[in-house]
Amino acid sequence: MLNISLDEKELKELFLEEVRKRVGEIEEQMLLIDTKELCKMLSLSRPTVEKLFIYNPNFPSMRVGKKWLFNRKEVEEYINHWSIDVRKKGGSVDFE
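Position 3, counted from 1, in the sequence shown is what full-length UniProt numbering calls 3; the numbers after and before it change by one each time, with no gaps.
Careful: at least some of the hints might be erroneous.
Pairs of lysine to aspartate or glutamate, DMTMM-like flavour, derived with a Cα cap of 25 Å [as the list claims (entries may be wrong)]:
{"id": "1", "residue 1": "LYS40", "residue 2": "ASP7"}
{"id": "2", "residue 1": "LYS12", "residue 2": "ASP34"}
{"id": "3", "residue 1": "LYS21", "residue 2": "GLU76"}
{"id": "4", "residue 1": "LYS89", "residue 2": "GLU76"}
{"id": "5", "residue 1": "LYS40", "residue 2": "GLU8"}
{"id": "6", "residue 1": "LYS89", "residue 2": "GLU77"}
{"id": "7", "residue 1": "LYS67", "residue 2": "ASP85"}
{"id": "8", "residue 1": "LYS40", "residue 2": "GLU10"}
{"id": "9", "residue 1": "LYS51", "residue 2": "GLU13"}
{"id": "10", "residue 1": "LYS73", "residue 2": "ASP34"}
Computed beta-carbon distance windows for the label pairs [said to hold, decoys possible]:
{"id": "11", "residue 1": "LYS89", "residue 2": "LYS21", "range": "34 to 40 Å"}
{"id": "12", "residue 1": "GLU17", "residue 2": "GLY90", "range": "51 to 57 Å"}
{"id": "13", "residue 1": "ARG87", "residue 2": "ARG46", "range": "49 to 55 Å"}
{"id": "14", "residue 1": "ARG87", "residue 2": "LEU2", "range": "36 to 42 Å"}
{"id": "15", "residue 1": "ILE84", "residue 2": "LYS36", "range": "23 to 29 Å"}
{"id": "16", "residue 1": "SER92", "residue 2": "ASP34", "range": "25 to 31 Å"}
{"id": "17", "residue 1": "GLY24", "residue 2": "LYS88", "range": "38 to 44 Å"}
{"id": "18", "residue 1": "GLU50", "residue 2": "GLU18", "range": "42 to 48 Å"}
{"id": "19", "residue 1": "SER92", "residue 2": "LEU31", "range": "28 to 34 Å"}
{"id": "20", "residue 1": "LEU2", "residue 2": "GLU76", "range": "43 to 49 Å"}
{"id": "21", "residue 1": "ARG46", "residue 2": "GLY91", "range": "21 to 27 Å"}
{"id": "22", "residue 1": "PRO57", "residue 2": "LYS9", "range": "30 to 36 Å"}
Source of the hints: derived by calculation from the structure; they are not laboratory data. Every residue gets a Cβ at the ideal spot worked out from N, C-alpha and C, and that includes glycine.
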């Protein structure tokens with residue numbers, strides 16, 4: 001005879017972990033992200049993102065009405081190049 005025992009707390013945690021994974025996958029598939037999502041993606045505050053990137057004319061952004069939008073893939077490519085440049089210059093970012 002087969003006996004199956006389920007721990008409700010453990011089952012709930014496994015379920016939530018799987019949901020988090022799926023949400024992350026869906027977020028990664030989004031073509032355009034807004035400023036809030038950009039901040040989350042970069043783990044930086046909005047003022048820092050604005051100073052370093054949004055107002056930089058070379059940063060891949062577009063304004064739709066009052067909202068800034070960013071192409072996720074272009075942002076990833078830009079950030080990869082930017083981080084390489086930062087490391088080449090000593091690894092520190094100065095706010096001007």
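Going through the hints against the structure:
1. LYS40 - ASP7: violated (34 Å)
2. LYS12 - ASP34: violated (31 Å)
3. LYS21 - GLU76: Distance ~20 Å between LYS21 and GLU76 Cα, so the pair holds.
4. LYS89 - GLU76: holds (20 Å)
5. LYS40 - GLU8: violated (32 Å)
6. LYS89 - GLU77: Measuring from Cα to Cα gives roughly 19 Å; hence the hint holds.
7. LYS67 - ASP85: Status violated; Cα separation ~28 Å.
8. LYS40 - GLU10: Distance of about 28 Å is beyond 25 Å: violated.
9. LYS51 - GLU13: Distance ~39 Å between LYS51 and GLU13 Cα, so the pair is violated.
10. LYS73 - ASP34: holds (13 Å)
11. LYS89 - LYS21: 34 to 40 Å: holds (36 Å)
12. GLU17 - GLY90: 51 to 57 Å: Violated: the Cβ-Cβ distance is about 39 Å, outside 51 to 57 Å.
13. ARG87 - ARG46: 49 to 55 Å: Once the Cβ atoms are compared, 24 Å apart, the range 49 to 55 Å for ARG46 and ARG87 is violated.
14. ARG87 - LEU2: 36 to 42 Å: violated (56 Å)
15. ILE84 - LYS36: 23 to 29 Å: Since the Cβ atoms of ILE84 and LYS36 sit about 26 Å apart, the hinted range of 23 to 29 Å holds.
16. SER92 - ASP34: 25 to 31 Å: Cβ of SER92 to Cβ of ASP34: about 29 Å, so the range 25 to 31 Å holds.
17. GLY24 - LYS88: 38 to 44 Å: For LYS88 against GLY24, whose Cβ atoms are near 31 Å apart, the range 38 to 44 Å is violated.
18. GLU50 - GLU18: 42 to 48 Å: violated (35 Å)
19. SER92 - LEU31: 28 to 34 Å: holds (33 Å)
20. LEU2 - GLU76: 43 to 49 Å: Check passed, 48 Å falls within 43 to 49 Å.
21. ARG46 - GLY91: 21 to 27 Å: holds (23 Å)
22. PRO57 - LYS9: 30 to 36 Å: With a Cβ separation near 52 Å, PRO57 and LYS9 fall outside 30 to 36 Å, so the hint is violated.
The earlier numbered hints that this structure contradicts are 1, 2, 5, 7, 8, 9, 12, 13, 14, 17, 18 and 22.
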